[in-house]
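Those protein sequences? They're chains A and B, same order as listed. This note's numbering numbers the first residue of the first sequence as -2 and each following residue consecutively. This note's numbering numbers the first residue of the second sequence as 761 and each following residue consecutively.
What the hints contain is simulated information worked out from the structure, not anything from laboratory work. A few of these clues could be false.
[What the hints assert, rightly or not] Taking lysine-lysine and the DSS-like style, the derived pairs with C-alpha atoms no more than 30 Å apart in a straight line are:
{"#": "1", "chain 1": "B", "residue 1": "K933", "chain 2": "A", "residue 2": "K136"}
{"#": "2", "chain 1": "B", "residue 1": "K840", "chain 2": "A", "residue 2": "K136"}
{"#": "3", "chain 1": "B", "residue 1": "K840", "chain 2": "A", "residue 2": "K286"}
{"#": "4", "chain 1": "A", "residue 1": "K199", "chain 2": "A", "residue 2": "K102"}
{"#": "5", "chain 1": "A", "residue 1": "K199", "chain 2": "B", "residue 2": "K867"}
{"#": "6", "chain 1": "A", "residue 1": "K136", "chain 2": "B", "residue 2": "K905"}
{"#": "7", "chain 1": "A", "residue 1": "K119", "chain 2": "A", "residue 2": "K136"}
{"#": "8", "chain 1": "A", "residue 1": "K64", "chain 2": "B", "residue 2": "K874"}
{"#": "9", "chain 1": "B", "residue 1": "K959", "chain 2": "A", "residue 2": "K286"}
{"#": "10", "chain 1": "A", "residue 1": "K64", "chain 2": "B", "residue 2": "K867"}
{"#": "11", "chain 1": "A", "residue 1": "K286", "chain 2": "B", "residue 2": "K874"}
[Claimed, not checked] Calculated Cβ distances over 12 Å to all of chain A for the following chain B residues:
{"#": "12", "residue": "T807"}
{"#": "13", "residue": "Y832"}
{"#": "14", "residue": "I836"}
{"#": "15", "residue": "A862"}
{"#": "16", "residue": "E868"}
{"#": "17", "residue": "K874"}
{"#": "18", "residue": "Y882"}
{"#": "19", "residue": "L885"}
{"#": "20", "residue": "L897"}
{"#": "21", "residue": "I952"}
Cβ atoms here follow ideal geometry from the backbone N, Cα and C, with glycine treated the same way.
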Amino acid sequence: MKKKLSQYSLVALLGLSLNPLAYADDWSGYADVSLMAGAYSGATTRTAINAYGASLNMDYLERAGVKLAGSQLTLTDNGIAIAQQSAFASAYWNYFCDTLGGVFKFRLDVHQADLSDDFTYKDSVRAYAPQISFVNYQKSFYVDLGYSKSTYDLGLEAKQYTPTLGFAFNQGADWLQTRGYLIDTTDTGSGVVSSTQAVEFKLTHWTAPGSVFSQYFINALVGERILAVDGDAAAIYSLVDKQQGGGSIGIAWQSHYVDGMLMFSVDQYLDQATNASYINSLAYISISKSW
Amino acid sequence: MKKFIIVSLLSLGLANTAFASENQEAWQKSHVLESKGEYEKAAAVLTPLLNHKASEYALLRYGWLNYLQGNYNDAIDSYKRALNFNSRSFDARLGISLPLMAQGRWKEASRYLKQVVGQSPYHYLAHVRLMACEEGLRQWGTLEKHSQSMAAYYPSDATILVYLARSYAWQDKEEQAKATYQRVLKRFPNHIEANNFLKGQSN
């Protein structure tokens, strides 16, 4: 029996040692690095913003996956540089539902950002953001419902609801997505609650074979939002200024070696301290490699 | 006692004959119903056979009939059970690739198809479905190499050339795509995609 067991163990060990090779293809992923630079016009105190970041995505077949990302942002305000270090972790699991003919994705994001300047200012924020989404097998219809709760050390709390609807048209070459941002912000010291609502529209066009760029996109935000959490961008907008609409355009390309994306955006903000509006223009580029 | 044994053996034999005849009837009924497009009923008549000792074929057929109904998860389960019966089965691997592809699970379907190719390196159907997965994953470089290599083994085949032409087109290799679509038209003169591509090129 002992001999049999040891033989069995040897076979099992050999099997285990071979399995990772046999199933190495089951894992796929991509990594990206990104750079962002921006300027302000009409702002009384803010002068520049720039950031860099990286992310790593790993998927197990089409069943589940994880994403880790980190970024470093610097905002110059009144001549003082405020730094924000952000970390982001996300995990998802897919459920294939034949009754509805599509895939339910259950996803949980966790954001952590630490803000500080060279003097005494220090704040940090954590956000937990679960999301459930559904996309049909033909990938022509998408709906999701997201929620997030952000807690700031310096006494702010934001609860965000993001219902989203997307659909393909023009034989799948175009995609229109609308996402509502309903955010309730609470000053935990005074108990004052304020609400903002915004709708974001994203129109993406996938090009035909042989085009230089693989996609073009244009995004617009209508309404107001503050302290938003954006799972798609793995970003948390910790600035207490109110965003009052904006837009962006971008292109994406694919090459044999790396893929890339370039985006320009213009957003209007309201500085709540001075009650003055200003414009923030940004350029963003990311390069990714998949395997 | 002897009589009892003979009677028992006789009744067992009769029961087996009855079961075999019922089976035969079930198979026949299932095929007739499938030909009429009544896939649910065609699968239902096989249900009593699924837990039988020799149910491998019933499981494969049950998987297929569920795939035709769009019950992809049931089809996948059935093919997995068939694989447990016979781990060498190409049929179960090729079978499971269909519902997985229908659900857009290209990587998972590829896993089973690569297992077939691993055992039978030039298996036509496994290669063609693997190309469909590579297309689903938009792996144009991989699809180009794969279809180019298989076109050498199956030089008269139009399907492989269509995948090769698509891979060229998506990689902006227009001249090669054009030449390959022209090769498709030699084999399949009314091929819509090839004609449309070449028409688009001449405009």
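Holds or violated: are the alpha carbons of K959 (chain B) and K286 (chain A) at most 30 Å from each other?
At roughly 35 Å apart (the allowed maximum being 30 Å), K286 (chain A) and K959 (chain B) break the hint.
Beyond 12 Å from every Cβ of chain A: is that where the Cβ of I836 (chain B) lies?
violated (9 Å)
Taking C-beta pairs only, is T807 (chain B) more than 12 Å away from all of chain A?
Its Cβ never comes within 12 Å of chain A, the nearest being 18 Å, so this holds.
Claimed clearance of chain A by L897 (chain B), with the beta carbon kept past 12 Å
violated (9 Å)
Beyond 12 Å from every chain A Cβ - status for L885 (chain B):
Non-interface label on L885 (chain B) holds, nearest chain A Cβ at 20 Å vs cutoff 12 Å.
Confirm or reject the statement that A862 (chain B) sits farther than 12 Å, beta carbon to beta carbon, from all of chain A.
At roughly 7 Å from the nearest Cβ of chain A, A862 (chain B) sits no farther out than 12 Å, so the non-interface label is violated.
Proposed proximity, K867 (chain B) with K64 (chain A) (alpha carbon, max 30 Å):
holds (19 Å)
Is the hinted pair K286 (chain A) and K874 (chain B) satisfied, with a Cα-Cα distance of at most 30 Å?
With a Cα-Cα distance of about 24 Å, the restraint between K286 (chain A) and K874 (chain B) holds, given a limit of 30 Å.
For E868 (chain B), which was marked as not at the interface, is the minimum beta-carbon distance to chain A over 12 Å?
Its Cβ does come within 12 Å of chain A, the nearest being 4 Å, so this is violated.
Evaluate the condition: distance from the CB of K874 (chain B) to the nearest CB of chain A exceeds 12 Å.
violated (7 Å)
For the pair supplied as a hint, K64 (chain A) and K874 (chain B), is the alpha-carbon distance within the 30 Å limit?
Holds, at roughly 27 Å.
Is the Cα-Cα distance between K199 (chain A) and K867 (chain B) 30 Å or less?
This hinted pair holds, its Cα atoms lying about 28 Å apart.
Comparing the model with each numbered hint stated earlier shows that hints 3, 7, 9, 13, 14, 15, 16, 17 and 20 do not hold.
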